[in-house]
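Numbering-wise (my numbering), the sequence shown opens with residue 46 and increments by one.
These are computed hints drawn from the structure, not numbers from a lab. Hints are supplied without guarantee of correctness; some may be wrong.
[Unchecked claim] Calculated cross-link-like contacts (lysine-lysine; reagent style PhoX-like; alpha-carbon spacing at most 20 Å):
id: 1; residue 1: 582; residue 2: 412
id: 2; residue 1: 490; residue 2: 412
id: 3; residue 1: 156; residue 2: 495
id: 4; residue 1: 594; residue 2: 582
id: 5; residue 1: 256; residue 2: 156
id: 6; residue 1: 418; residue 2: 490
id: 7; residue 1: 495; residue 2: 484
id: 8; residue 1: 582; residue 2: 492
id: 9; residue 1: 412; residue 2: 495
id: 10; residue 1: 418; residue 2: 484
id: 11; residue 1: 495; residue 2: 418
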Amino acid sequence: MTPVAIDSNTLITILAVLAPFFAAAVAPFLTRLMGHNAAWPLAIVPAGIFMHFAGYVPAVAEAQTFVAIRDWAPAYGINLSFYIDGLSTLFALLISGIGTFIILYAGGYMKGHAQQGRFFSFLFLFMGAMLGLVLGNNLITLFVFWELTSITSFLLIGFNHLKERSRRAAVQALVVTGGGGLLLLAGFILIITATGQIEMSALLRDPDVLKDHALYVPIFILILGGAFTKSAQFPFHFWLPNAMEAPTPVSAFLHSATMVKAGVYLLMRMHPLLGGTELWTTVLPLFGGITLLVGTILAVRQTDLKLMLAYTTVASLGLLVMLTGVSSERALEGAVLYLFAHSLFKGALFMVAGTIDHEAGTRDVTKLGGLRKAMPVTFAAACLAALSMSGLPPFIGFIAKEVLYYGTWGAPAAAMALTVTAVVGNALMLVIAAAVALKPFLGEKVKTPKEAHEGPLLLFSGPVVLSVAGLVAALATTATGFYLIGPMLSSLVGEPQEVKLVLIPPYINAPLILSVITIALGVALYTQLDRLRALIKGVLDAIGWGPDKGFDQVIAGLVTLSGAFTRLVQGGKMQTYMLATFVVIAASVLVPGYLGGGWPAMPDFPEYRFYEWSVFLIAVIGLIAVLIAKSRLTAIVSLGIQGFAVALIFMMFAAPDLAFTQLMVETLSVVILALVMTRLNLQPRDRRPWGAALATGVVSIGVGAGLALTLIAITQQPFDLRLSEFFTEYSYSLAFGRNIVNVILVDFRGIDTLGEIAVVCLTGLCVLALIRVRTRPDKEEEPEAGADTPAKKAEAR
């Protein structure tokens with residue numbers, strides 16, 4: 046593993062990662078001043094980030110790696126630490142580069158929207174979260190940004206929050222990806238426990254430490270849980286197509302180029318640590334292959350342009366997971382190449398779909414046609430991106446398909462099954478690419494809800510640049526392989542790799558033959574697209590139930606279970622709440638002592654003076670008075686005797702401050718309780734049956750005995766004078782007070798005391814609200830004039 050150098054531009058790198066968050070704060074104000082034209086100055090932020098990380102490309106291509114680090118929470122070993130290598134650099138370039146055109150595109154797409162500034166802000170927040178995720182070196186820092194992507198995507202998917210479908214899609218995405226995030230956190234904690242390392246760069250220096258560890262299997266399962274939910278792998282694939290309820294700039298950015306690849310990024314990042322094992326090479330190809338086929342089959346059924354692209358995104362993510370799971374160098378090279386190509390052509394096609402919807406008023410492919418002359422630039426960009434998605438030369442998608450076929454054909458296990466899966470999946474993706482790029486533009490002109498015309502520069506700049514980039518990257522094979530693909534592959538393999546890409550194969554080989562088969566199969570299926578769509582729709586309708594409906598059933602069941610549990614533990618009876626509370630207290634103090642054998646020895650009674658015995662006798666009399674009291678009010682007053690006795694004990698031990706505090710608190714408690722009793726419509730005395738009284742008596746004795754034993758155990762421990770000596774020494778020199786108790790309360794524990802005062806005030810307000818309650822009897826039960834009502838009886842008492 047190449048040594049890691051401390052980044053000389055640490056501050057600039059950290060500012061580059063955090064720059065989108067500052068842009069998010071500025072965006073609403075700038076949009077208010079400039080309208081949709083604010084997209085131009087706002088796009089400077091991601092463009093500047095792109096240029097910054099592009100400066101690392103030559104060094105990273107030479108197998109150098111860097112760490113930019115600043116303290117964040119050093120007491121817990123958590124640093125704001127970013128790791129720059131081939132993998133993170135390419136992702137950072139994709140996020141910032143595509144993000145630049147997404148900001149421009151959003152300026153044109155959301156033109157005139159009342160909340161366009163808020164939309165820009167959400168986009169920048171997501172951009173910053175995604176940059177922090179792919180560059181995160183500290184595991185906890187990475188997790189924070191991981192969850193931040195889920196939160197910001199929730200805001201973006203639910204941007205049209207007045208629509209129920211948008212709200213449902215946003216909640217669904219948050220629940221699925223947020224739940225996976227919790228699994229990921231557990232996996233990271235196990236990694237830290239197993240290795241003692243919290244930095245990714247340190248883990249990569251000894252990549253085999255986890256593969257031989259006893260915790261490998263649970264770590265593997267938890268990491269996969271986070272990755273599969275974020276990257277929409279079967280059976281969690283349903284949330285991504287539903288997220289198409291978001292505005293198209295969101296779909297183009299989050300769900301094609303960046304966020305949904307976060308899970309794939311995680312698997313690639315963890316490949317040196319967890320990859321290559323039998324479990325890895327079995328589970329990932331299996332689920333990835335299933336996701337590839339499920340995504341492409343469901344895509345064929347759709348007629349909505351965005352849903353067609355969304356399901357092929359699911360399929361592409363499955364293909365990436367499958368190739369990452371194969372773990373051979375050729376398969377990993379194919380995964381890296383396809384990830385790069387997919388980001389370019391899918392981002393372009395999503396923006397094309399959004400432009401068609403924006404300018405024609407619909408994105409239903411069956412209601413579109415003949416837009417070629419009205420939207421020539423959009424049509425050209427769609428064709429270029431679709432050719433790359435179809436895997437045709439001379440585009441980067443073709444090279445990626447050739448290399449990935451090398452990987453599946455030469456896989457160490459299940460080569461034929463993986464290859465057939467890849468061929469079928471790629472053929473169906475060719476069908477969708479052709480449908481998206483050709484059907485809306487060719488054929489006779491179809492009347493659309495809006496008179497279609499070419500969109501403004503803000504709308505077509507992104508699709509044009511990204512689609513042309515797919516062509517340029519393929520033509521410049523040497524530079525693409527050396528500067529982008531080779532460094533990223535090196536990060537996956539764990540050692541420097543040299544990648545030589547070839548646009549035109551020098552001879553006929555297996556991958557080329559498989560490419561020809563793929564194209565022929567795709568063209569044949571495209572000619573029967575309507576029949577194929579009807580066939581798949583019929584099969585799916587016959588099956589009926591699916592993961593999406595299952596999600597609703599799970600949520601409904603969870604709500605029902607929560608309601609039943611709430612009714613069980615929150616039945617509305619104060620006696621039940623109090624009994625449960627004191628049972629827990631008694632168990633907390635008695636059970637540990639019983640199980641641990643830690644009961645204290647009973648202390649010897651000292652020689653008490655007669656007035657000390659009298660205070661003890663007063664407390665006992667007060668206790669008996671509470672037990673034999675005939676009314677609740679008498680019991681409350683008798684209960685105050687206990688507190689007054691404690692105040693006398695404080696006085697005898699020369700603690701007048703504590704005695705005064707105890708006396709005031711006890712007096713206030715008795716007065717407030719008595720006042721409440723006179724205001725509430727309660728029976729004069731407690732008339733519970735003997736069984737209930739016995740149960741509460743047992744619990745009371747348990748609490749009292751447990752607390753008494755705990756105090757005895759504490760007093761039998763050696764007394765540590767360090768805290769007392771500290772307060773004695775520094776009360777005057779630091780706080781300028783000679784009354785140590787007052788200094789502790791006001792200065793050393795000032796915030797704690799403020800909190801206690803706030804609690805007392807809040808309690809007083811609650812009591813005030815209770816005593817102001819007036820119950821209104823029903824008319825049928827309204828007492829006659831002159832009758833003794835409960836309120837009159839209370840006033841008489």
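Here is what the structure says about each hint:
Proximity of residue 582 to residue 412 is assessed by CA-CA distance (about 19 Å); at most 20 Å being required, the pair is judged to hold. Under the criterion of a C-alpha separation no larger than 20 Å, the hint pairing residue 490 with residue 412 is consistent with the structure, at around 10 Å. Restraint check for residue 156 and residue 495: the C-alpha separation of about 16 Å stays at or below 20 Å, so the hint holds. Among the hinted pairs, residue 594 with residue 582 is consistent with the structure: their alpha-carbon atoms are about 16 Å apart, no more than 20 Å.
A hinted pair counts as satisfied when its Cα atoms are at most 20 Å apart, and residue 256 with residue 156 does not qualify at roughly 52 Å. Only pairs whose Cα atoms come within 20 Å are accepted, and residue 418 paired with residue 490 is accepted, the gap being roughly 9 Å. With a CA separation close to 18 Å, the supplied pair residue 495 and residue 484 stays within the 20 Å bound. Under the criterion of a C-alpha separation no larger than 20 Å, the hint pairing residue 582 with residue 492 is inconsistent with the structure, at around 26 Å.
Only pairs whose Cα atoms come within 20 Å are accepted, and residue 412 paired with residue 495 is accepted, the gap being roughly 12 Å. For the given pair, residue 418 sits about 14 Å from residue 484 by alpha-carbon distance, which is consistent with the 20 Å threshold. Between residue 495 and residue 418 the alpha-carbon distance is near 15 Å, which keeps this suggested pair within the 20 Å criterion.
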